[in-house]
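Q: Residue numbers (numbering that gives the first Met the number 0), protein chains in the order written: chain A, 0 to 232; chain B, 0 to 474.
Hints were generated in silico from the structure; no laboratory data involved.
A hint or two may mislead.
Under the rule of at most 25 Å between Cα atoms (straight-line distance), these lysine-lysine pairs were calculated in the PhoX-like manner [said to hold, decoys possible]:
hint, chain 1, residue 1, chain 2, residue 2
1, B, LYS381, B, LYS368
2, B, LYS34, B, LYS376
3, B, LYS100, A, LYS59
4, A, LYS2, B, LYS34
5, A, LYS2, B, LYS368
6, B, LYS381, A, LYS14
Small disclaimer: the values here were computed from a predicted structure and weren't measured.
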Amino acid sequence: MSKENILNAIRRGLKRGPLPDDQAMGLRARLAGHPRHLIPARSRVSRPEQIALFIRNIEKEFGSVARVADFAAIPDAVAAYLAARNLPTDFAIAPHPELADIPWDTRPLLQRRPGRAQPSDLVSLQHGYAAIAETGTLMLPAAPERPTTLNLLSDTFLVVLRASRVVGAYEEAWDLLRAESPTQPGGGFMPRNVMLVTGPSRSADIESTLELGAHGPRRLHVLLVDDDPAALG
Amino acid sequence: MLATSPAFKQNVKGALADASLQKALAFTRPSFAGKRTAAVAALPEFEQLRDVGRDIKNHVLANLDFYLETWSANVEKSGGIVHWCSTADDARAAVLAICQKAGAKTVTKGKSMISEELAINDHLEKHGIEPVETDLGEYILQLRKEPPSHIIAPAFHLNREDWEESFRASHTDLPEDRVFGERRDILTEARKKLREKFLAADVGITGANFLIAETGSSVIVTNEGNGDLTQTLPRVHIVLASIEKVIPTLEDACTFLRLLARSATGQDMSVYTTFSTGARRPADLDGPEEYHVVLIDNGRTGMIGTEFQEMLRCIRCAACMNHCPVYFTVGGHSYGWVYPGPMGSVLTPALIGVDKAGHLPNASTFCGKCESVCPVKIPLPKLMRHWREREFERHLAPQGMRSNLAIWAWFAKRPQLYRMATGLAARLLSWLGRGKGRVASLPFAAGWTAGRDLPTPEGETFFARYARAQREGKL
Ligand code: SF4
């Protein structure tokens, strides 16, 4: 009832009835083609520069990045980061095959609990799906192997990301998701939740002064795996 | 939310006399504008993106019925439910019904301006459900039972002592002798208190910055992460969204994301931009089991096809108020309803009636700054002028005499006198500011000019200009 009321009120305002078929076809074609608009030139640079832009932007937004040569180097990098900040060595970790394959036994002190995050978790480690150099933004689509709570509940948020998954602009990241995301119930490609994360949580609500770690993580640290020869400058 | 807009003049008087408000305004003003300027300067394409943003929104508004139907069909395909609501009453009833069906005792809320329009908190409380605002600014306002004074920095008018006082009064389970040495201590206490609420909530309510027709998604943009905790942890997620939030595709969203944060807080991108599509998938380890969108008209369709249609492009970035000399003199509460500043002066009369909000379009110096920073190029001064014309015509018509503030109505019914009085004032201001183009102090309104330089009127009132333009055949 309300639906018809609202649609009719819109049409009255627009001084027309329902869209004629040919016009609706045009709009459907626009949706299907989802054309890009103007994309800023800042991310149209060489691969090494794109990676450098990504790192610069993360740091500008109060995150940090450690570049590692390969997945085998991750346990050391994680242990070093946690130790330098006196953080606990047990953490929740995304149950993603790529993370499970990491040779964690080289650092037996690191205690991993695969699954979603619990409210008591101080540290979490997420699998980075892709990232956008333009603004230093991580793309984290929800999936059974990438639970959303890992992005939110901990105090220190670690993300493992392949350098080959760093793209220039948001549009390119959506292209990856459109191409790779498994078909969802209902037929679409959009996972239940896709978070674009740029830096750690913050608020300026108290006297217009920035404080980190409002409700989400206070620290964001990206472990960037150099798997892309073209990106090594 | 009950409107005090009819009492705009009294509100302004109070605001001018409020020393701590004036201090907060003076402190915040340069940083709001400065941050946007820096972010915009760092993106050479920003001006072109404003044109793109405007054009996308115009395209959507011309085809709003189509895009809403497409979006709604895609929400339902992905396992969500859309509740179409013409009025605020319908929307309140829909939200309550979902909460009651979920057996909800506690509801957490992300920041949402439309929820202020609905006064949803009062409604839930009345029915025995505890709503908890989780945006830090909104949280303290809820403790203090105050409305927001800004659409993205709702509590910037409060100082540290206000926070401390409210926390001590409300968090009585914590030790009385605890010390709030720095802002961090306030934040830590709020974080701890709200964590408990996030975990206890049965339903989470968020707003939506955008709805994506192509995918049936809703999008929220936040910095704290409270909106994400609100929509991820409880069993049921309710999105409140007004009809003009829909845009066609993810690519269209990219353009608006490039405009929004830069215009709002001067960030290149807000910390969390989250796209929600339907409910938890079978193998997911977290996320809500139910996803509802309460889609709300509440007066907006009445703007379509009128000169105010352009206002529906608004993406609620707050740049217009962040650059408004009037806003920074009188503060947000003076406007008397949900939306302050230039965008409020145009939107409020459309949503609650020009008889209640007719003063707001007068709260302008017509300096044009708002239009020049608006990311979707809404001609705010022109739209305020349209309201003034409408209001003026209404008072000229004999049947049009409705209740209003006595003095204003008395003048308005006597156009000659009104013109003379406002003409005198304009010429006086022009004289005071001669040569400088700005009036730095006014003998009869020290509070008004202490916070800002009043751009000097060009020695001509709107009506005089209007009459001249008519004579010159420009209208
Ligand atoms: S009117 Fe323009 S500047 Fe003001 S809040 Fe809306 S989009 Fe932003």
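Q: Tell me, which hint numbers fail for this structure?
A: 3, 4 and 5
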